[in-house]
Amino acid sequence: MSTGTSTSATATTTAGTPTTSGSTPPSGPDTTGGTGGTTVVPARAAWSSVIRAGETLTITDLHGNQAVDFLVYDAHDPSVRYSAPDTIQAQGNIFLTAGSVLMSDEHTPLMTVVSDDVGRHDTVGGACSKESNTLRYGHHTWSQHACVDNFLARGARHGLGKRDLVSNINWYMNVPVESDGTLGIVDGLSAPGLALTLRAERDVLVLVSNCPQINNPCNGFEPTAVRMSVGTAA
Amino acid sequence: MATATTYGARDHARAQEGTRAEAMPVVPASTWPAPPCEAGHLVWAETVAGGGYTHRVLARGTELRLTDLSGDACAHLLLYAADRPWERLNVADTVKVQWNAYLGEGQLLLSDQGRVLASLTADTSGRHDALCGTSTLVRNTRRYGDGAPQSASPAGRELFKLAAAKNGLGPRDLPPSLSFFQGVSIRDDGSLDFTGSAGPGGSVTLRAEQDVTVLIANVPHPVDPRPAYTSTALEVLAWRSAATKPGDPLWEATPEGRRAFLNTVEFLAARGLA
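As you go down the protein sequences, you meet chains A and B in turn. Be aware that the first sequence starts at 72, since it is given in this note's numbering, and climbs by one per residue. Be aware that the second sequence starts at 205, since it is given in this note's numbering, and climbs by one per residue.
It should be emphasised that the hints constitute simulated quantities derived from the structure, not laboratory data. Just to be clear, a hint being listed does not mean it is correct.
Incomplete in silico selection of chain A near chain B, CB under 8 Å [said to hold, decoys possible]:
(1) P180
(2) L206
(3) E272
Simulated restraints on C-beta separations [to be verified]:
(4) Q215(A) <-> P450(B): 24 to 30 Å
(5) Q215(A) <-> P453(B): 28 to 34 Å
(6) P180(A) <-> C241(B): 36 to 42 Å
(7) C241(B) <-> T183(A): 48 to 54 Å
Please read these numbers as outputs of a predicted model, since none were measured by experiment. Just so you know, even glycine gets a beta-carbon here, dropped at the ideal spot from N, CA and C.
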């Protein structure tokens with residue numbers, strides 16, 4: 072599997088914040104997409120963009136089995152943000168696929184999944200964090216990279232802080248629930264080149280952590296690059 | 205009683221003392237008629253109306269028992285570290301770390317900092333939900349005609365906003381919540397199966413493992429299919445007890461939980477609190 076070192080930060084701005092590039096991991100090069108742009112987000116890196124109402128965002132799993140941690144906010148009022156519970160309520164299902172509407176915590180639509188090559192994405196597992204990793208695997212994982220750090224660092228550029236982080240979507244991550252409630256992150260269903268496309272139902276701010284997790288099968292134990300493509304409104 | 209004068213209005217107001225309502229706090233809690241603990245240990249005794257909310261700060265080691273008196277309570281719950289509300293209940297970590305989507309006896313309610321906020325020490329209901337959160341103004345207005353807090357069909361999120369505001373917190377501080385007494389299970393295809401209530405008298409007991417701010421909204425479960433807004437009284441009792449200690453079966457039950465307890469006690473010990 073490629074380690075996905077390529078990057079092509081587009082010279083655009085996002086929500087009034089300047090684009091920077093060339094910082095080093097743990098957060099990876101800071102790539103910022105923009106209207107009409109295509110960006111390869113390296114392994115472990117964060118990405119954010121405002122997607123205007125009617126525009127699309129296509130996420131491509133370039134190497135397969137990569138978990139893409141995803142939060143979305145109303146671009147004009149980020150106190151209105153993705154709600155996993157409202158999304159689950161609205162569609163009566165914990166898995167996301169084509170037709171799923173990503174709902175806000177005020178039960179209003181933020182984005183719609185308009186196409187999906189995979190058929191199942193996760194609403195339940197949330198993000199890896201350095202703190203939860205100490206519970207899941209042991210204290211030796213404390214120094215490893217984690218999605219919450221990406222969300223905090225990237226969110227800060229948009230005025231978002233810790234109180235703005237809620238249960239997120241994990242695109243391409245497979246989290247089945249057994250009849251007795253046993254739940255776990257298992258091998259992914261994705262493959263190299265599979266993609267999904269979201270349409271913004273209003274102006275939204277998207278935050279992405281291209282998951283750096285190396286302890287579970289969400290990315291085959293090896294983070295790889297993904298591609299973000301923003302399409303213009305139809 | 206004449207209320208045309210200040211003296212009359214004062215007498216009228218004061219004459220209400222001692223009135224009992226179905227839903228009310230009993231103060232002092234020690235006068236609660238049937239305490240589940242040594243009488244002097246009760247610190248909170250309240251009956252929350254259907255469509256009502258409440259909130260309290262509880263010390264580490266306090267036991268909190270919620271009881272569905274008539275069979276149609278649904279206790280939506282949020283927890284925060286009392287003096288640091290940026291550490292709060294993380295539902296995703298709670299289900300993921302413990303490898304289980306369903307709440308029940310022995311489950312720990314985890315914060316977003318790899319620590320325990322509260323543990324579930326007893327459960328006679330088994331009908332709970334960690335996935336669907338609570339109801340909203342938009343959805344209740346669509347389903348019941350209104351969702352405002354003062355309406356006949358208040359939404360859980362609207363009540364949480366009020367409870368949060370009374371603790372200095374805003375809507376941004378409201379993450380996904382848990383709900384007790386109205387269950388949901390997940391089918392193989394990921395779809396939801398609303399299992400409803402276990403009937404009158406079901407209870408759950410939570411043990412505060414840190415000082416916690418508790419927000420409770422007692423409103424119908426958001427996927428309750430019944431067309432009428434159906435919400436009955438919730439009993440809330442809390443009493444002084446002790447936090448979970450090493451050697452307790454709950455402490456040792458799983459490696460993930462043991463590390464969560466260790467993290468919690470280490471953190472509190474560094475602050476001189478445990």
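Evaluated hints:
Using the Cβ-Cβ criterion of 8 Å, the hint placing P180(A) at the interface with chain B is not satisfied: the shortest such distance is roughly 10 Å. A distance limit of 8 Å between C-beta atoms decides the matter here; for L206(A) the minimum to chain B is near 5 Å, and the interface restraint holds. Because the closest C-beta pair between E272(A) and chain B is about 14 Å apart, greater than 8 Å, the hint is violated. Between Q215(A) and P450(B), the C-beta spacing of about 27 Å keeps the proposed range 24 to 30 Å intact.
At about 31 Å, the beta-carbon gap between Q215(A) and P453(B) stays in the expected band of 28 to 34 Å. Between P180(A) and C241(B), the C-beta spacing of about 48 Å breaks the proposed range 36 to 42 Å. The beta-carbon spacing between C241(B) and T183(A), approximately 52 Å, falls within the hinted interval of 48 to 54 Å.
In summary, the structure is inconsistent with hints 1, 3, 6 from the numbered list given earlier, while agreeing with the others.
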